[in-house]
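Protein chains: 4
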Amino acid sequence: MKKIGIIGGAGYTAGELLRLLINHPEVSIEFVHSSSNAGEPIANVHEGLLGETDLVFSDKHTLEDIDILFLCSAHGQSKKFWEENKRPEGLKVIDLAQDFRDESEGYVYGLPELQKDRIACADSIANPGCFATALQLSLLPLAKAKLLPEDGDINVTALTGSTGAGVKPGATTHFSWRNNNISVYKAFTHQHLIEINATLKKLQPGNTATINFVPMRGDFARGIFAVTTLDCPLSEEEATALYRNYYEQAPFTVVSDRPIDLKQAVNTNKAILHVEKHGKKLLITCAIDNLLKGASGQALQNMNIMLGLDERTGLRLKPSAF
Amino acid sequence: MKKIGIIGGAGYTAGELLRLLINHPEVSIEFVHSSSNAGEPIANVHEGLLGETDLVFSDKHTLEDIDILFLCSAHGQSKKFWEENKRPEGLKVIDLAQDFRDESEGYVYGLPELQKDRIACADSIANPGCFATALQLSLLPLAKAKLLPEDGDINVTALTGSTGAGVKPGATTHFSWRNNNISVYKAFTHQHLIEINATLKKLQPGNTATINFVPMRGDFARGIFAVTTLDCPLSEEEATALYRNYYEQAPFTVVSDRPIDLKQAVNTNKAILHVEKHGKKLLITCAIDNLLKGASGQALQNMNIMLGLDERTGLRLKPSAF
Amino acid sequence: MKKIGIIGGAGYTAGELLRLLINHPEVSIEFVHSSSNAGEPIANVHEGLLGETDLVFSDKHTLEDIDILFLCSAHGQSKKFWEENKRPEGLKVIDLAQDFRDESEGYVYGLPELQKDRIACADSIANPGCFATALQLSLLPLAKAKLLPEDGDINVTALTGSTGAGVKPGATTHFSWRNNNISVYKAFTHQHLIEINATLKKLQPGNTATINFVPMRGDFARGIFAVTTLDCPLSEEEATALYRNYYEQAPFTVVSDRPIDLKQAVNTNKAILHVEKHGKKLLITCAIDNLLKGASGQALQNMNIMLGLDERTGLRLKPSAF
Amino acid sequence: MKKIGIIGGAGYTAGELLRLLINHPEVSIEFVHSSSNAGEPIANVHEGLLGETDLVFSDKHTLEDIDILFLCSAHGQSKKFWEENKRPEGLKVIDLAQDFRDESEGYVYGLPELQKDRIACADSIANPGCFATALQLSLLPLAKAKLLPEDGDINVTALTGSTGAGVKPGATTHFSWRNNNISVYKAFTHQHLIEINATLKKLQPGNTATINFVPMRGDFARGIFAVTTLDCPLSEEEATALYRNYYEQAPFTVVSDRPIDLKQAVNTNKAILHVEKHGKKLLITCAIDNLLKGASGQALQNMNIMLGLDERTGLRLKPSAF
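Chains as they are written, first to last, in our numbering: chain A, 1 to 322; chain B, 1 to 322; chain C, 1 to 322; chain D, 1 to 322.
Hints were generated in silico from the structure; no laboratory data involved. Mixed in with the good hints, there may be bad ones.
Each pair may be met inside one copy or between any two copies, as identical chains are not told apart.
What the hints assert, rightly or not - With a cut-off of at most 25 Å between alpha-carbon atoms, the simulated SDA-like pairs for lysine to any residue come out as follows:
hint, residue 1, residue 2
1, K2, R316
2, K202, G152
3, K3, E26
4, K168, N44
5, K116, G308
6, K201, K281
7, K277, P149
8, K281, V184
9, K80, K92
10, K186, N44
Bear in mind the structure is a predicted one, so any value in this text is a computation, not a measurement.
Could you build the full structure based on these sequences and the hints that come with them?
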């Protein structure tokens, strides 16, 4: 049994990680750190855990006692954590914030569909962003095949659930406003573009395609649904085959023959993809659960790979479906 | 044209009042006071008003220049307002908070279905609470007929929309939590029981019936749906006739022959009622829009009555229906 | 008072039209035809009308007795109706189906922002489709200024509410499936592209821009939210000024300085537009209510124009906001 | 490995059962019968299963080849099935319809919290209804302690999700209508009252308490939230202790110290209960997932018990939480 510690235990990604870890057969949870909730049972804070665990939030984090540390705090807090704390030798770290997604300080970018072999050997993982996961999974096979349009446009609109905005309540997550509402935010400037472009340029170095990314707030709690269009020389059959082939060894990434919908992925660690061709344009749709494949599920998948476990351990989840 | 001032202009009830007043043919809005939003166009704060008005929030309230003042601040603020401000003679006041619902200081309880004549002569109106409106409309005809069960139980469960909780975001109005969720709060202790019981005891002085009121948070933004059961000697036909008769002069309160649903009332000033008899039990269902008949619509209805206008002026609203 | 008849009275657009007409000061409703619902009160079928009207569905349509006929049946039924019925002289017709949107048989395409003068003189109006309205309003100013990209791409993704799919229940409007779900349908092939392209080519004859239109099913009942991106030589300020100028005489089409959201338009006849520039790309967002500006509201606006009334008569609607 | 067959494979309960069985370590699925979908991959019909299984619907059901049969057809179809098919000796049957909930023909009523020992020995299980599960779990400890009010009232209002109405689309499951809507149906007459009363009278034979049950359609897809009030001599502490004690051996039924919400139970097989005392009244709230503890999860729990497995096998589900 590997021993787990969690920093930033009161947020949404920590909650989802706990809902997963509790049923994972190869780990035990040593501490869940949250200074603001210290002493409180985690089931009082994290929906759905009542009756599943007696764990209590702690204001201590004894890094020496654990094998794997998950950093679930806000962006910027992970770097700060390592300024204030000494990392014991042998401790494996999975950071869910964006602090090390540039692979600085020895962190490996934890997108298994991109580099499972590097993850398997890593001590430190920078877990991808939620939009970044959906967009990269939509484009990896093309980039690998050097088929992104040189100089051209990659047009993406994607909707995210309210859990993507975090647990702290605000005007755009107020139920009265968000319910039945749709809006655009951070158009063309979303911070995940950095990690997406880094990956695509690594796979297809010459490409100067521009990703025109319009993120949208959806009126649902879980999920990302991304729509991508770009010029592509492949036929629909060729493109589908390219995607199928690329994701052959990816247990969670599924290419559908038929048009897809968001709830095919909700409450699973799956990414569901579908490819259509219309004229010159390739249309790629992608559905993930932002808290699972887009965050905590992928973090656990990375842990499994690092530990040499079957990638799906603890991640054979019943889809909520409805 | 009567001149209107609004205090507490940034909240939900003020927003709804503004959406109504803008199309009211007999009034003009002189000021909308909000110290925190002073200088900001009201359309930046109140959803749906873009292109309808150039009004700007003010940090001044010149009570001398207006005919009618709406107090839309939080509970307790209305009393405080009158401690700090002098009321000009001739100024009519409609208070949407609960500060004067006990009819203290000359305020008249503004439930037109109870006492339209008193409202017509009043200078100061205490506008009823949202749950209080739905529950009283469910029971007024029985209380008037002295048919509330002496010593018995009146069982009420009622769901409210998230706008009932106000504009300030919090844990139970976070979209991630509220979406698709149902919960109970303030069971048996909701503050609206005070005004409800006051009315019922006024109409049927001897009655000692207990209202067992279980309020629930619904996963919708607008509306209240109330389910009431109690022992009743009337047949279904007699009860329906009693309700029809009682509400004959009430232009917004409609008794339906058929089972009802919440959206029949949403975005209207109507209260929709339905009565069924099962064994000894009378079942009364009631649907209102908490921001309209449950707050700002009723406030405007009271204003119309006070000004001698047709009660429906400015309140012939298109239901949103969907 | 003009006399109105409605064919196809049981559908969503007829319901919305009735909710509007009932409060319109210059018209009376003579008949609402529905063979399947003949004899039934319309308030039993159309949500929100209880207590507002005693109208009953009829299986007769006496065209001689009316001034204006609204055709609210399914696509294809309007042509069929005129094969089976004689049109009295002087009868004005507004068709909400797509049968005459090619302006065949003397019908004028009823987009006031495009050709209010032609509508004013018309006897027969082909009311635009809902997506077609949102997309044309997003592009009209550019097309008029001959600024659509020659040979280039116009990328559009747009979400529609479930009422766009009509009253007949089916798999993709089942609440269990649709709730919290997002999906793509008719990508690149939506039938509204025909009328959109016809308009754009009329305004900017040389242009061969391709509209890459990806329609999406949203998990809300009312509204369309459209996101358009295209290459544009104008700066953000120039583009905003172009849109403001173009829509100066359009009482319902509002250009916002700030990013918009869907509910700014819901339950109103407004179209809310916003323009941003990012690099070479112009981003245009547009929000309408699919049943109002996208259907019955625009039909009524067309009627007002035809009758020489103020365009906003009967259309000063309180936004639902929440 | 036990071999499983499913009849009525295209409905919601069969879909949920399949989502569970696919990850159950001790069973294999031999056939999923659906005459209307024969030949179709089940992942095309049941949301969330893409990439999880290659199972295809069959029009054959070879009862000789299986150990356990789940009957997932509509009410009335189970009796009909046995009129038309011979039951092989040794075949265990779990019926999710209401056909044998009266324990006729040797069926045992499959509520583990009531009679786990009888279920363990049974060959035929009649799986309880969804409302029946929530209401019985709310009342079992009191009935066992003979504390239901003699001659008194048990007042219950409970909301159900749209999946409770089945996969066939209709007016009250149309998204346009159901979204943000609340309504009452089958007040005082719901068919589940039969099985509820049967259980309560078995545990507390003398009692003649009347259950005044008002079922409501909720605007969510999954879940039941039930509110029960009744006269009770116990204090809040005593009542809580009674419930805790009664459910000590029930791994899925959890008594909460704090007020509960529906989503604590969604996508789990848990029943979450909370007890409050106000004056003479005991308030019991209960949340379950109607498709899990209210149907297919409980069916699987019954199967586990029948097979002598740990009751939780295949049912340690990650809550969806949001």
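These are the hints, each one checked on the structure:
For a Cα distance limit of 25 Å, the shortest separation of K2 from R316 qualifies both inside one copy, at 19 Å, and across copies, at 20 Å. Taking identical chains as interchangeable, the C-alpha atoms of K202 and G152 lie at most 25 Å apart only when both belong to the same chain, with a minimum of 17 Å there against 29 Å between chains. Proximity of K3 to E26 under the C-alpha cut-off of 25 Å is restricted to the intra-copy arrangement: shortest distance 9 Å within a copy versus 29 Å between copies. Both within a single protomer and between protomers do K168 and N44 lie at most 25 Å apart by alpha-carbon distance, with minima of 16 Å and 22 Å respectively.
Taking the shortest alpha-carbon separations for K116 and G308, only the intra-copy value of 11 Å comes in at or below 25 Å, while the best inter-copy value is 40 Å. Taking the closest pair of Cα atoms, K201 and K281 come within 25 Å of each other both inside a single copy (21 Å) and across two copies (22 Å). For the homomeric pair K277 and P149, the shortest alpha-carbon distances inside one copy (15 Å) and between copies (22 Å) are both at most 25 Å. Taking the shortest Cα distances, K281 and V184 sit within 25 Å of each other both inside one copy (24 Å) and across copies (15 Å).
In this assembly of identical chains, K80 and K92 lie within 25 Å of each other by CA distance solely inside one copy; the values are 18 Å within and 58 Å between copies. When the C-alpha separation of K186 and N44 is checked against a cutoff of 25 Å, the pair qualifies only between copies, where the shortest distance is 19 Å, while the shortest distance within a copy is 33 Å.
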